[in-house]
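Undergrad: Here is how the chains run, residue by residue.
2 protein chains.
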Amino acid sequence: MFLAKVYVTLKPLVNDPQGIAILGGLHNMGYKSVEGVRAGKYLELHINETDKAKAEKVVTEMAQKLLANVVIEDFRFELDPIQ
Amino acid sequence: MFLAKVYVTLKPLVNDPQGIAILGGLHNMGYKSVEGVRAGKYLELHINETDKAKAEKVVTEMAQKLLANVVIEDFRFELDPIQ
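Chains as they are written, first to last, in numbering that gives the first Met the number 0: chain A, 0 to 82; chain B, 0 to 82.
Bound-form chain A, shown alone (with noise of 0.2 Å):
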């Protein structure tokens, strides 16, 4: 058994409004001191696998296809063993 712990961010050069917006509002409430803000995801996931490398692959697998939008987003993960 592992646990996945997967950070989705947006590529460096896409856009990102959440981001901005975060930043304005820090700004606001004063906190000058910040200069930019990125928004991405965190995800953790449980993954039933006894094998370290066949749960790298099934993670790395769903998050090209589902949880990370590839084409804008960049993704890596760590893979922590539980019992």
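Because the hints were derived from the structure by calculation, they are not lab data.
Note that beta-carbon positions come from the ideal geometry of N, C-alpha and C, so glycine has one too.
Treat the hints with caution; some may be incorrect.
To be verified - Derived DSS-like pairs (lysine-lysine); straight-line CA-CA distance at most 25 Å:
hint, chain 1, residue 1, chain 2, residue 2
1, B, Lys4, A, Lys10
2, B, Lys40, A, Lys40
3, B, Lys53, B, Lys40
4, A, Lys40, A, Lys53
5, A, Lys10, B, Lys40
To be verified - One-sided excerpt, in silico: chain B residues whose CB lies under 10 Å from chain A:
hint, residue
6, Met0
7, Lys4
8, Ile21
9, Gly39
10, Met61
Dock chain B against the given chain A, drawing on the hints supplied.
TA: Quick look at chain B alone, frame taken from chain A:
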């Protein structure tokens, strides 16, 4: 200058319809080894502070006030120095 990586997750007992929808989609696609999905947010903020303790204080405040809804969400963050 610091890069703050902020992870916002629903508290364990809070219902997560987005995670349930993703799980259903993955099962429909044939990924039967996935047993649970929790969806959260991942934010990257550029913080223009020279002092790490000050940057930590600012990020904690921003997370409590805007980035996370502390009634139903937990947050954690890392600070990496950048040039």
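Undergrad: So, for every hint listed, does it hold in this structure?
TA: Going through the hints against the structure:
1. Restraint check for Lys4(B) and Lys10(A): satisfied, since their Cα atoms lie roughly 16 Å apart, inside the 25 Å limit.
2. For the hint pairing Lys40(B) with Lys40(A), the CA-to-CA distance comes to about 5 Å; that is within 25 Å, so the pair holds.
3. Taken as a hint, the Lys53(B) and Lys40(B) pair is honoured in the structure, with Cα atoms around 24 Å apart against an allowance of 25 Å.
4. Straight-line distance between C-alpha atoms of Lys40(A) and Lys53(A) comes to about 24 Å, which keeps the hinted pair within the 25 Å bound.
5. Proposed proximity of Lys10(A) and Lys40(B) is supported: the alpha carbons are some 16 Å apart, at most 25 Å.
6. Annotation: interface hint on Met0(B) holds; nearest CB of chain A at approximately 8 Å, less than 10 Å.
7. Annotation: interface hint on Lys4(B) holds; nearest CB of chain A at approximately 9 Å, less than 10 Å.
8. A least Cβ separation of about 7 Å between Ile21(B) and chain A falls short of the 10 Å threshold, and the interface hint therefore holds.
9. For Gly39(B), the interface hint holds, the least distance from its beta-carbon to any beta-carbon of chain A being 4 Å, beneath 10 Å.
10. Interface hint status for Met61(B): upheld, as the beta-carbon distance to the closest one in chain A is roughly 6 Å, under 10 Å.
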